[in-house]
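Protein chains in written order, with the numbering used here: chain A, 661 to 837; chain B, 253 to 834.
Take these hints with a grain of salt, some might be off.
Claimed, not checked - Footprint (simulated), chain B over chain A, 3 or more residues, beta carbon under 8 Å: (1) 765 to 773; (2) 785 to 799; (3) 817 to 825.
What the hints assert, rightly or not - Over 10 Å on every C-beta distance to chain A, these chain B residues come out as not near it, computed from the model: (4) Gly-266; (5) Asp-283; (6) Thr-284.
Claimed, not checked - Taking beta-carbon pairs under 7 Å as the criterion, some of the chain A residues facing chain B (in silico): (7) Met-661; (8) Gly-670; (9) Leu-671; (10) Ala-674; (11) Ala-680; (12) Ala-829; (13) Cys-832; (14) Leu-833; (15) Asp-834; (16) Cys-835.
Note that these hints are calculated values from the structure, not bench results.
Ideal Cβ placement from N, Cα and C applies to all residues, glycine included.
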Amino acid sequence: MRGKIIFLAGLAAALGAGWAGFPYAIYTSRPQPVDFSHKVHADKAGAKCEDCHAFRDDGTFAGIPTLDKCAGCHAAAMGTTAAEENFIDQYVTPQREPPWASYARQPENVFFSHAAHVKLGNVKCESCHGALGASDKLPRYRQDRISGYSRLGMSMTDCIACHRQQARADSCLDCHK
Amino acid sequence: MTTTRRDIFKFAGGSALGALLTPAPWRLITDTALWSENWPGIPRPARGEIRAKFTHCSLCPAGCAVRARCVGEQPVSLAGVRGGLCPFGVTGHQLPYHPARLRQGPVSEAMAAVADAIAKCGPGERVAVLDLRPGRTASWTARRAMAVLKNGWYIAPVQSPVAVDLTKARTVLSLSAPLLERWGTPANVFAVRDGFRLIQADPVESRTAALADLWLPIRPGSEEALALGLAGQLTSAETAAMTGLSEHQIESVGQTIGFGRLSLVIDRAMSPAVVALNVKLGGWGRTIVPRAEAPVPPEWKKAAPVTDLAAVPDRSIRVLLIDESAPGEYLPWDAIEKKLAAGNPLVVVFAWSANGYGRYAKYVLPTPVYPEATDDIPPAIDSPAPCFRIAAPLLAAPAGVVTPSEFIASLAGLPPADALRERARAIHQGGRGTLVTYADAKSVPVKEVKPDDFWKALNAGGCWVGQALPPANFRAPVGQALPPANPSQGLVVLATPPAPSPASPLFTKLYQESDLLLAPNCIALHPQDAARCGVSAGNRATLETPNGKWSVRILTDSSVRPGVVLAARPEMASASGKVVRV
């Protein structure tokens with residue numbers, strides 16, 4: 661009886677560590693450089709996703725907007741919040757690009773085209789990026805200590821699942837050129 | 253309550269089982285796999301602007317136009333512009349990373365040694381440049397340098413004086429020429445393939461033979477006899493006896509390619525007998541034309557003549573510089589070696605790898621390799637009009653490599669001028685021809701383009717195309733029939749076409765790990781012949797021909813014609829050979 665208890669104790673300890681502790685221990689966590697609110701920009705400024713996350717003239721996706729884009733509206737403080745003041749002082753005035761951490765950056769061996777998905781496939785931003793566009797606060801950037809990738813990024817499993825659901829090609833060379 | 257060792261093991265066992273029921277071990281495996289993708293040494297394509305660059309492939313004399321997809325300054329994929337690229341061309345951007353790539357060499361030491369050897373040349377001893385791909389601007393520089401040296405020679409493989417125009421041909425008789433494999437410009441050949449009927453006279457069922465409209469399985473070595481028979485210099489009976497074809501087949505082919513029917517006869521190098529046959533068939537000025545070259549500056553005309561290696565006296569070359577940077581027609585080393593002076597001749601090889609003539613040289617100097625090298629590509633044999641196209645570099649060459657033409661020019665004290673630009677200027681001053689640019693698919697007369705724009709366009713992958721020479725009076729040389737091969741006296745050894753070199757890493761791997769390409773130490777023969785010679789697949793044997801003896805490994809292949817031995821090394825080719833098991 662005592663042996664079974666010890667065995668079960670070990671089992672319970674491992675289950676607890678594996679399910680509760682490990683998912684936190686595997687990631688490092690840091691905040692984004694600016695306390696940015698997608699919700700405020702969408703509600704108050706009436707901005708749409710593509711206003712800031714635009715396609716270039718050649719069809720390629722520009723990704724996270726550069727400081728020039730932000731400074732177009734935020735040349736001076738647009739409010740009195742601490743976040744706004746911090747953004748102006750730390751980045752706009754010294755013209756320093758905020759070191760954004762990209763949640764969705766893909767590995768070097770992945771070829772992903774926003775144009776093919778958004779323009780041709782009519783895939784909504786939320787399909788891959790979740791409710792980030794409607795969030796009031798950017799989640800902390802959590803980086804896997806071993807692989808170096810973001811916790812919130814799209815994994816290959818997610819890509820394959822969607823391609824199969826949409827009856828699209830899902831061979832290796834479609835993404836791994 | 254004391255904790256025993258048994259308790260610890262039980263707790264560990266429970267923990268191990270529990271761990272397997274959590275995401276931890278599986279996540280660690282995945283993460284480790286992802287982590288391993290970013291190890292140092294794993295190639296990582298540069299991120300950057302994606303652009304298309306245009307150039308010409310210099311891996312073979314065809315010089316196909318290439319569209320390179322570049323990320324930043326790094327070419328990541330190559331594709332053809334007008335038609336496809338061969339597998340070598342498609343993987344050409346991997347060549348700079350070939351394991352056999354040379355990056356450093358004793359350049360200054362070689363320069364001093366060559367200068368010293370030239371100064372000490374005895375009477376009758378020569379300094380020679382062996383150029384594997386003549387006709388380039390670099391070849392002209394070497395010829396000019398050799399003209400400056402009083403005992404200089406410029407040696408190059410013999411080039412056919414004619415070019416063919418496949419667009420005009422309605423019937424093509426190929427005498428063992430690999431028309432659909434690596435003869436001429438592949439894209440051009442396939443673009444007009446539907447316009448002519450192809451008759452392939454070939455001792456083996458080559459890929460061209462398999463794709464031809466008619467395959468004539470002639471006896472090995474009887475191509476010239478067939479040409480003479482069709483020219484009327486041999487009777488049908490004589491031709492049939494020599495070639496192994498029936499008289500009916502020969503007469504039928506003769507009627508098909510009769511005079512004035514826009515027929516074209518080709519062999520590997522457009523030999524004099526084949527040229528004569530084309531002239532007799534009325535093809536001169538139509539299906540075959542004089543081979544034209546892009547203009548050169550007038551002062552370049554004082555260049556050393558092109559000398560055939562066979563015309564060089566034995567034991568006469570004291571200093572030999574071999575330009576292997578642009579792969580071309582390789583000559584057997586045995587034939588080169590007997591031309592070298594006795595007693596410590598100096599051989600310097602310019603090559604991107606030490607696997608070629610570098611094995612026999614005192615100095616091997618590294619050169620840029622495609623797509624690092626800046627070079628021009630002479631018109632291919634299926635280009636009736638002269639053209640000038642530059643293999644513009646897609647990558648920067650590493651420090652430490654040397655350009656052969658600059659090295660040779662400095663030996664002769666020629667000024668370090670940009671020869672390619674000088675030639676482009678001469679072409680532009682001529683004012684003839686058109687400039688074709690692939691990026692915008694335009695063709696503009698040269699006289700409407702400014703000199704600087706012309707040069708920029710050439711470096712951006714443009715191509716100057718001139719006008720074909722008007723057919724002049726041409727005296728057709730008459731060849732002599734070779735004695736027919738007689739398999740009963742032995743085996744006829746045929747050298748298969750060598751794989752284009754330099755080979756890409758992909759093909760090198762295939763080459764090493766499979767029998768897809770015949771290796772230099774292997775011969776292939778029909779199983780019946782193998783049994784007759786007492787050998788079987790995998791055996792070691794000696795191939796004996798009048799040219800010498802070689803230790804070889806046996807491959808058996810039922811597609812090889814009985815009586816024939818296929819070998820990869822050209823020096824093994826012979827009308828009579830013998831295989832002896834070791």
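Going down the list of hints, with the structure as the test:
Only residues whose C-beta sits within less than 8 Å of a C-beta in chain B count toward coverage, and the stretch 765 to 773 of chain A has 3 of them, enough to reach three; the restraint holds. Here's how the stretch 785 to 799 of chain A fares: 0 of its residues keep a CB closer than 8 Å to some CB of chain B, so the rule of at least three is not met and the hint is violated. Given a C-beta distance limit of less than 8 Å, the hint that chain B covers the stretch 817 to 825 of chain A is violated, as 0 residues qualify and 3 are needed. Remark: the non-interface label on Gly-266(B) conflicts with the geometry, its nearest Cβ contact in chain A lying 3 Å away (cut-off 10 Å).
Not every beta carbon of chain A lies more than 10 Å from that of Asp-283(B), the smallest distance being close to 4 Å; the non-interface claim is violated. With a closest Cβ-Cβ approach of about 6 Å to chain A, Thr-284(B) is found to fall inside the 10 Å limit, against its non-interface label. With a cut of 7 Å, the hint placing Met-661(A) at the interface with chain B is violated, because the nearest CB-to-CB distance is about 12 Å. A distance limit of 7 Å between C-beta atoms decides the matter here; for Gly-670(A) the minimum to chain B is near 3 Å, and the interface restraint holds.
Residue-level restraint check for Leu-671(A) holds (minimum Cβ-Cβ distance to chain B is 4 Å; threshold 7 Å). For Ala-674(A), the interface hint holds, the least distance from its beta-carbon to any beta-carbon of chain B being 3 Å, beneath 7 Å. With a least beta-carbon distance of about 9 Å to chain B, the hint placing Ala-680(A) at the interface is violated under the 7 Å criterion. The beta carbon of Ala-829(A) is not positioned within 7 Å of any beta carbon in chain B (closest approach about 19 Å), and the interface hint is therefore violated.
For Cys-832(A), the shortest C-beta to C-beta distance to chain B is roughly 15 Å, which exceeds 7 Å, and the interface hint is violated. A hinted interface residue such as Leu-833(A) counts as satisfied when its beta carbon comes closer than 7 Å to some beta carbon of chain B; here the least separation is about 12 Å, so the hint is violated. Hint status for Asp-834(A): violated, given a least beta-carbon distance of 15 Å to chain B, over 7 Å. Given the 7 Å rule on beta carbons, the hint for Cys-835(A) is violated: about 14 Å separates it from the nearest Cβ of chain B.
In this structure, the hints that do not hold are numbers 2, 3, 4, 5, 6, 7, 11, 12, 13, 14, 15, 16, in rising order.
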